[in-house]
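Trainee: Residue strings, one per chain:
There are 2 protein chains.
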Amino acid sequence: MGCRERQEKIYDWMNSEGISLVLFEDCERNRDQSVRYLSGQPGDSILALSAARKSVLIPWDMHMASLYADVDEIIPYTKFELDPYDAAKAAAVFFKIPYGSKIEIPPSTPYPAFLKYVEALSDFNVLCRANGAKNEVDKSRAVKDDSEIEIYRICAQKTNEIIDLLEKNVMNGSLKTESDIALFIEAECRKLNCDGVGFTTLAAGPERSFGIHCFPPFTAGDFAAKGLSILDFGVVYKGYTSDVTLTFARSPNKIQENLLSLVEQAFNLAFETTAAAFSSKNELNQGIECRDIALAVDDFFRKNGAFIPHGLGHGIGLEPHEAPYLRRPQSNTWRLEPGNIFTIEPGLYDPVHGGCRLENDVLITDAGAEILTKSKIIRL
Amino acid sequence: MGCRERQEKIYDWMNSEGISLVLFEDCERNRDQSVRYLSGQPGDSILALSAARKSVLIPWDMHMASLYADVDEIIPYTKFELDPYDAAKAAAVFFKIPYGSKIEIPPSTPYPAFLKYVEALSDFNVLCRANGAKNEVDKSRAVKDDSEIEIYRICAQKTNEIIDLLEKNVMNGSLKTESDIALFIEAECRKLNCDGVGFTTLAAGPERSFGIHCFPPFTAGDFAAKGLSILDFGVVYKGYTSDVTLTFARSPNKIQENLLSLVEQAFNLAFETTAAAFSSKNELNQGIECRDIALAVDDFFRKNGAFIPHGLGHGIGLEPHEAPYLRRPQSNTWRLEPGNIFTIEPGLYDPVHGGCRLENDVLITDAGAEILTKSKIIRL
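Chains as they are written, first to last, in the working numbering: chain Z, 72 to 451; chain G, 72 to 451.
Keep in mind the hints are simulated off the structure, nothing from the lab.
Errors might be hidden in some of the hints.
Copies of the same chain look alike in the list, so a pair counts if it fits in one copy or across any two.
Stated by the list, open to error - Computed cross-link-like contacts, DSBU-like style, restricted to lysine-lysine with a CA-CA straight-line distance of at most 30 Å:
#, residue 1, residue 2
1, K325, K297
2, K247, K445
3, K210, K229
4, K125, K173
5, K297, K160
6, K229, K247
7, K167, K352
8, K239, K229
9, K80, K309
Please construct the entire structure, taking both the sequences and the accompanying hints into account.
Mentor: Encoded structure:
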């Protein structure tokens with residue numbers, strides 16, 4: 072699906088909702104890959120879509136926009152001194168939006184900025200809603216189309232090649248420290264023609280694996296020494312990121328063995344619960360709520376005296392964390408559907424004995440679910 | 072200055088303003104190093120400060136908080152299912168904030184979230200202001216104390232060592248591609264005991280230097296081939312990041328030479344204007360507005376038929392971009408003062424002939440200004 076088709080879907084929605092103008096923003100304080108998803112421009116822009124099915128991009132970098140953006144019009148942001156309120160007003164004038172019409176601004180707009188938009192767009196009805204246009208784009212982004220799934224198969228394959236290399240090189244002792252591991256991934260993913268890493272690699276040796284996300288992300292300290300070491304990384308291919316976590320366990324003690332076993336069982340439980348809900352063998356293959364998978368794992372851990380201090384998983388795509396979310400709060404009403412690609416990542420953390428997390432990327436298909444990546448617990 | 076002293080400054084301000092409770096938030100969608108600055112906790116937490124001079128941290132990761140946080144009380148965020156509104160309400164109860172009192176939430180709070188805070192804190196007067204508590208912390212963070220300046224001198228020295236190595240290795244041909252450069256910096260900064268890079272290194276060879284911030288950040292393409300190549304990077308030492316940009320010019324043509332010359336002149340003009348405003352030889356050493364430096368450079372470029380499409384500079388610290396900002400809009404009222412550390416980074420970009428940017432980190436002292444880093448235009 073190209074950018075124009077994605078824009079068309081939003082135009083349809085805007086017309087059904089009676090919204091005349093929608094603004095998306097990707098800026099330093101408010102990153103939103105929806106701008107890239109809808110326009111092709113990789114960042115630092117305002118994108119305005121009108122119900123008359125026309126698009127305008129207001130980018131920071133005109134040279135880059137002229138190469139990347141698939142829109143009807145490009146206006147330099149410097150024309151408005153990078154002021155989003157002036158730019159919004161100009162977009163309304165450009166599209167000749169009738170006074171009193173509904174204009175929707177990004178739901179991430181901070182309250183003080185919201186007041187400035189309302190002032191700048193005082194002739195219009197300004198909407199700023201969690202369940203508005205951005206939510207429509209998020210729903211669209213959450214269901215990957217065939218070309219995105221093809222990209223993800225390649226992305227996962229490259230991730231798996233790196234996992235194999237990591238296992239081999241940790242085993243043979245050529246990767247010893249957290250830095251060795253992280254810099255190896257930086258170099259290897261580029262050899263494999265990836266855009267880069269999806270987020271800062273987290274490599275935590277046994278001294279630091281008690282943290283969910285270790286700080287600093289990696290150090291000169293030992294990795295894969297005696298005990299539990301966690302490695303969380305992703306690589307980006309054609310804009311889309313993988314996200315996997317391996318645990319390296321060297322001569323684990325009984326407490327550590329118990330953590331490993333519980334996490335492995337929790338991963339399998341989550342995946343099997345998911346796959347069963349979409350299995351063609353299951354007459355009731357009506358999908359499942361994300362929340363129910365998280366609660367099933369909570370239940371399993373509770374019965375074993377354990378507790379996962381973070382979400383069970385999240386969608387991946389142009390951002391390393393996006394819809395749908397496998398989280399326990401009642402407010403989470405996402406249902407899984409074919410085309411979703413997301414992580415399952417149970418983890419347990421002991422302040423003394425260290426932590427263990429296992430994370431793989433899962434695709435929902437018409438006939439079930441498929442684990443795309445090959446992370447595992449590696450016993451040394 | 073330790074975290075407790077920083078908290079005390081905010082307590083003083085709260086009492087003078089009649090604010091009973093202030094909330095700071097550092098979470099995935101709303102990163103704010105103010106939480107680390109005030110509490111020592113490196114991330115993913117809510118920090119609540121009460122006018123009764125007590126602090127409570129509500130972290131995602133309890134194990135990490137028990138190591139890093141210097142606060143009066145730590146309550147796990149999971150207790151509130153990672154719900155910021157429940158956590159805010161609990162903080163108000165914990166501190167026994169009287170009904171009707173003023174509670175200030177972060178100014179980055181999105182409008183839909185603002186409405187939820189107002190609902191959760193319906194017994195209180197909820198404030199969400201650009202010029203509130205967060206602004207006080209930003210002002211405090213912008214003026215580095217002696218220990219922070221000491222860290223910056225070391226950070227700059229490490230940056231300069233890397234600059235020297237880069238120059239040498241580009242000259243002798245051992246660093247050829249954008250990836251070579253970026254991965255070299257990743258590895259070298261860790262050898263120098265830095266925490267890591269301050270942001271994704273931007274290495275743009277002649278084919279891509281037309282972009283202000285090239286995309287992707289670095290590729291397998293040639294760096295420092297014929298024409299103009301831009302390298303923008305920073306390294307983090309004890310939490311604080313440097314931010315420098317070098318331009319490598321190989322056999323530049325006349326148009327490229329003109330860009331290089333204008334950028335060098337603009338850098339010198341900006342620095343000299345800044346230094347003069349604080350010189351002890353200048354009887355009027357009353358400082359200067361950030362905006363006036365940006366306007367002086369705009370003027371210089373305009374007279375030479377050129378235009379800088381981005382800000383002239385920005386403060387650096389725990390974040391790579393923070394106050395003060397050297398930007399032209401009238402709304403920018405920051406004045407420089409001793410202790411400020413910021414970048415000066417004029418740049419010009421031609422869609423055909425490529426771009427040139429020169430960026431160094433500058434410290435305002437009691438007797439003038441000092442360039443801490445040694446970026447330059449390197450002619451090959």
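Trainee: All the hints need checking, so say for each whether the structure fits it.
Mentor: Structure-based check of each hint:
In the homo-oligomer, the alpha carbons of K325 and K297 lie at most 30 Å apart inside one protomer (13 Å), although the nearest pairing across protomers, at 61 Å, exceeds that limit. With identical chains, the CA atoms of K247 and K445 are at most 30 Å apart within one copy only, with a shortest distance of 22 Å there and 34 Å across copies. In the homo-oligomer, the alpha carbons of K210 and K229 lie at most 30 Å apart inside one protomer (27 Å), although the nearest pairing across protomers, at 45 Å, exceeds that limit. With identical chains, the CA atoms of K125 and K173 are at most 30 Å apart within one copy only, with a shortest distance of 16 Å there and 45 Å across copies.
Proximity of K297 and K160 under a CA criterion of 30 Å is satisfied in neither setting, with 61 Å inside one chain copy and 43 Å between copies. For a Cα distance limit of 30 Å, the shortest separation of K229 from K247 qualifies both inside one copy, at 22 Å, and across copies, at 24 Å. Proximity of K167 and K352 under a CA criterion of 30 Å is satisfied in neither setting, with 54 Å inside one chain copy and 57 Å between copies. Taking the closest pair of Cα atoms, K239 and K229 come within 30 Å of each other only inside a single copy of the chain (16 Å); across copies the shortest separation is 34 Å, beyond that limit.
In this assembly of identical chains, the alpha carbons of K80 and K309 lie at most 30 Å apart only when taken from the same copy (22 Å versus 47 Å across copies).
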